[in-house]
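> Residues per chain are reported as follows:
Protein chains: 4
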Amino acid sequence: MTIEAVNEAGARSPRLKLGMVGGGRGAFIGAVHRIAARLDDQYEVVAGALSADPERAGASAADIGIAPERAYADFRTMAGAEAERPDGIDVVAIVTPNHLHHPIARAFLDAGIHVICDKPISRTVEEAEDLVRAVAKSGKVFVLTHNYTGYPMVRHAREMISAGELGRIRVVQAEYPQEWLTTPLERSGQKQAEWRTDPERSGAGGCLGDIGTHAFNLAEFVSGLRVEGVAAELTTFVDGRRLDDNVQMMLRFAGGARGALWSSQIAPGHENGLQLRLYGEKGGLIWHQERPDQLRFTPYGKSPQLVTRGGPAAGSAAAHATRIPAGHPEGYLEGFAQLYADTAALIRARESGRPPDASAALLPTAEDGLRAMRFIAAAVSSSRDDGAWTPL
Amino acid sequence: MTIEAVNEAGARSPRLKLGMVGGGRGAFIGAVHRIAARLDDQYEVVAGALSADPERAGASAADIGIAPERAYADFRTMAGAEAERPDGIDVVAIVTPNHLHHPIARAFLDAGIHVICDKPISRTVEEAEDLVRAVAKSGKVFVLTHNYTGYPMVRHAREMISAGELGRIRVVQAEYPQEWLTTPLERSGQKQAEWRTDPERSGAGGCLGDIGTHAFNLAEFVSGLRVEGVAAELTTFVDGRRLDDNVQMMLRFAGGARGALWSSQIAPGHENGLQLRLYGEKGGLIWHQERPDQLRFTPYGKSPQLVTRGGPAAGSAAAHATRIPAGHPEGYLEGFAQLYADTAALIRARESGRPPDASAALLPTAEDGLRAMRFIAAAVSSSRDDGAWTPL
Amino acid sequence: MTIEAVNEAGARSPRLKLGMVGGGRGAFIGAVHRIAARLDDQYEVVAGALSADPERAGASAADIGIAPERAYADFRTMAGAEAERPDGIDVVAIVTPNHLHHPIARAFLDAGIHVICDKPISRTVEEAEDLVRAVAKSGKVFVLTHNYTGYPMVRHAREMISAGELGRIRVVQAEYPQEWLTTPLERSGQKQAEWRTDPERSGAGGCLGDIGTHAFNLAEFVSGLRVEGVAAELTTFVDGRRLDDNVQMMLRFAGGARGALWSSQIAPGHENGLQLRLYGEKGGLIWHQERPDQLRFTPYGKSPQLVTRGGPAAGSAAAHATRIPAGHPEGYLEGFAQLYADTAALIRARESGRPPDASAALLPTAEDGLRAMRFIAAAVSSSRDDGAWTPL
Amino acid sequence: MTIEAVNEAGARSPRLKLGMVGGGRGAFIGAVHRIAARLDDQYEVVAGALSADPERAGASAADIGIAPERAYADFRTMAGAEAERPDGIDVVAIVTPNHLHHPIARAFLDAGIHVICDKPISRTVEEAEDLVRAVAKSGKVFVLTHNYTGYPMVRHAREMISAGELGRIRVVQAEYPQEWLTTPLERSGQKQAEWRTDPERSGAGGCLGDIGTHAFNLAEFVSGLRVEGVAAELTTFVDGRRLDDNVQMMLRFAGGARGALWSSQIAPGHENGLQLRLYGEKGGLIWHQERPDQLRFTPYGKSPQLVTRGGPAAGSAAAHATRIPAGHPEGYLEGFAQLYADTAALIRARESGRPPDASAALLPTAEDGLRAMRFIAAAVSSSRDDGAWTPL
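Protein chains in written order, with this note's numbering: chain V, 1 to 392; chain X, 1 to 392; chain U, 1 to 392; chain S, 1 to 392.
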């Protein structure tokens, strides 16, 4: 929502009390979550288990202004203690390596605390299924931060397709190339590279799980279609690497659309090249993450158009996720913040018994997380089976 | 500073206490300042005179969580009261229309409170000169939010030129086209258009003052050169508009460089097209605000290169202003936030008697504001004098 | 070769006498071949069987200045008669629909006349094998106009990779999307659409044979690698269409590289979007046909560079195919003309017993045509076999 | 005209007999003219005075297939002899350095021979005036090769503006930066650099005359407006250079439009960066020479559109100058060839007494050449007069 409109909309409710698990000194995604939480002024971080090492946990908590008595070294202790406190946290953000997502989410859901969880939801399909059940049972909000769904023009693309502006979708080309693992960075001591290439902490997919799932999630989110089968080829190019670093895939969507997915972490020249291209009977659409504020839209038989965030063709879904005028770039942090803002609205609605805003329907759920785990499992299975078409 | 590095750097100091004048319901730039202040977690807004209308001032303050007793309707009252309080504000942000910048800044400087002031610094050269003196006398920090200087790649461009990578600069082409005033929007009741085309509130320049000054400031900031004369042609194309909406200008820089500046608010197709191009004896450099994370750099005799924020060629100035990895776009709000973060560091250094960080030297000052007012005056004078070369 | 250098190189030999089969009134590619032949002034069209309809053949010949007695209605008659004439043609250009390529090429090779043949070489693998043998037996020049290999920056890309600038190639992404068959254009009477969607005239591949083969040829030409297997999914989206209009494919290259190929004729927004992207251990490279004069080259760990035709980083292979300075765009016709110019040089060398220039090694051969036919056959077979990996 | 349409249109007339003055071994623009003449198959070069040195003239003629008896060393001899021959040339192309354009053009016009002359028309306003009179008196066709007017999308831009699609034009920004004279190349023996920086051979303008005039011509051609005054600053940055290498200019157009013109030959990063941007009451338009096949068109209040050569929004003027389908790039040589093709049509119409085609009105004339000379004179005068507004 534009910041003028936010102003006119009147009083901000008191900030939600946010806890965090993971995200201590030296972490990346935890700090992203904290900026995202602050940006639209809906949260205050008041408790955390930022590290499993008690000393580091305490120091990290002090860094970000958490009171010492709410700096925990253990997430279970934190869940219990915060659930007991009259001023306990409303919601927890889980920003650990992947293998811990499931147990932490379970602990907080079981304690009656809303959860914001970094993706992927878990390491296995089974864990994901367990969380889907746990969320349903808890009645709590569970949001998975597939953050690219927070970009205004991604939401606009979804809205255009849903409104039929492209006609029936025929082809979906999703890709996510990066360059950062071109060399064996994990052997240099770089923490991010270490755990992301370690099957114990990442799960069965390397590049596949880390970024291929983003491309998969986005393809389904925008197209409104479901992938029903994949034929995949996972490759590890860097000697000694324990997980795939390049993924080729053909896609079959329910209803007959076809597509491809390429994700790679050994593609020099691509910093964060997530791109989605969709083609329907009536038009085509291209979105690229490195230029997130525009869509290239070609209604068949007309000139290509550049649809911009804040521009004349942007609709209500884009407007909802837009803070500042066209031509003033919003980026990755704003897209991430949108998930936090919409989650705050959903939590407030849930707490007060009001029906949620329309934006709540756009928030990635535990079911979306489960789909991504099935996608990983299907791709790994297909690749082992020499590329045989494998259902999700 | 990358967010991992921030984490490693250890404990955040307690948030600075920020007051705000202007920026009530329906305002734009005030909300931008508040996001900028929050983003790097260095400030908390605790007091405000958000509107001259007491009722609106109170409601607006409540919206953003200001306690009722610190919601003022009058900036002088606020300056006095906050100076008295033991928990009074450390710094005030001035986000009113232009004509109020000078009296408000004076009031807070005189009360011993640091000032962050939206650009332009004032309506006239005389007021700007007065503020330069007042700042010097006060010993307080005064930062003018020429926000485009906060972009990492703008700072990197400055650093490259300062290091001689382009050789002696010969030509500087600055431009800032927009489209939003193509029609007489100010007669439709749009508040932004109203005051920005009103000489009583904006000063002697319309498009010139609103955005031409950004282009001027950026040209000097990046090139390290001083404009010593302008030959200008100001035009008003929209019937009945009271200030210029298109500005052509030739520039002479001290030392012999030449250039041009074009700013326009009637240029359909440009949302916020601030662009700076510099050419030296050894190379050329292009930066465009709508794609702020990259520079196009051509060392003469070699292929053009795309230097990216977070990429391998970005230097220390860019790194200081970089939060997240290459390819994850940062935008307008992050650039604006950089001024707030660097101002916080400068205030903390000043308060503690420590020497300021290197970044402090990049913050736009009252002197920069005065130069911009002289630039406006020279351009208006030149245009009235049929384009005669006019010194700054 | 730059046109100044051509001048300095001294006297042009007399023009080669060119015959043409196909390319009468209303045809497209024949006219392209004629411009390509004229552009570098190495050929004069002096005979033709431009249409199988005698009246149309005569009128079409008159259009382009062919003497009436050398306007044939039948290619076999033409081959015989021209072989007999003391001033008979040196070389024939074959520009008919695909199914006629084989018999015509055979007729002229058997008559001892050099052949320039539009792609694909034939309708079937068997016909292609026959032509490979016929070429070898004839001792004549046979060039297949995979015209995209004539672009200077395509040749430069090949040269860079051959020189090891990218290191060992790991991933090759080839794509060729177009939009022109989004609707059932072949039912509107459009001639091009008619025969290209007709298996009798086109062969077993629709989009696959028409443009997928260009992408395949280019991937091998530039990478220097051989595709050893494909897993393909051919789809026909337009109701009633008789051949595929969208092709997804995974690729395995000899030596371990992996890749994907997408070609589509139902992708709104793409006019002629042939693109090749290659990633090696040391760098990445991108070329796009719609901006043919540049390569985007990223040496891993450095900034991306824009290598331009005529620019400082272009090497000898690019220079050979460059006529005019950097920044003065050369396009499709010039790239096509390069094949004609190099073929002229090869014919002159062959005729005079001189060894051919280096450029001769770049000309697409009958063997290349045969590989493309095997590629089509493998893709069709794989798709019928539910995407099973199929060797070429 | 698309090449299929050319085919359908039926018989090509016999080639026009073309003579050439200048363009011998080592020359650049002469070879461009010859390709342009060949491309659409309307001319055959049959005579020439390619060099003032008899030996070089003979050798150069032999290079391009001119019979020895029609290889002249002196243009006056050539004009006389060719006028006498029953098979004498129909038209001459003048491709010498600038200072010879006037005497050569006079000689051929006086001999009753049509003239195609490279720009600029002359060295002085007086010479240009003389040629305007001579053309009128001769009744012959005189075409000045301001070649950028031959680009399809330049003509389409003109057609759009003429049709009112942009409304009344307010602002015209023309620029033409190059990098090739960043260093004192003229002292290295490079012929092009030598004569283009020599006032004896080039005239009063350096960069101004060489490329500034192209930008000026294009601005008037596309906008349909006339520049009525300029305020200019000419600068020479390279030590020892005898003419300007950077030009800044403000423009006033009849009717009230305003604009700027920048041309530079010391701007690293620009190969041939001719760009034209026009803004009217209803929309804006951008064309860039390095991507000539597209226009960026923004109807005010709508999304920007990419209008492409051969695409759905291209009109009749573009279609006339289009040979091949959208997405198959046409470039500099094709644009140049368009002037030759249209000149051939005009000569044929003139010779046969038929009214000329619509395209004839687009061909640059002697009057256009005179305007460019007045533009040069006004800019030089303004610059000497410290940038005073100077009428054309």
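Check the hints yourself; a few may be wrong.
The list treats identical chains as interchangeable, and a pair is accepted whether it falls inside one copy or across any two copies.
In silico DSS-like cross-links for lysine-lysine, where the CA-CA straight-line distance does not exceed 30 Å [unchecked claim]:
hint	residue 1	residue 2
1	K191	K282
2	K191	K302
3	K282	K140
To be clear, the hints were calculated from the coordinates, so they are not data collected in a lab.
> Treating 30 Å as the Cα threshold, decide for K191 and K282: within, between, both or neither.
between (46 Å within a copy, 23 Å between copies)
> First find the shortest C-alpha distance between K282 and K140 inside one copy, then the shortest across copies, and answer within, between, both or neither for a cut-off of 30 Å.
Answer is neither: 41 Å inside a copy and 49 Å across each miss the 30 Å cutoff.
> As a check of your reading, is K191 near K302 (CA-CA no more than 30 Å) within one copy, between copies, both or neither?
Between copies only: 22 Å across, 49 Å inside.
Comparing the model with each earlier hint shows a violation of hint 3 alone; every other hint is respected.
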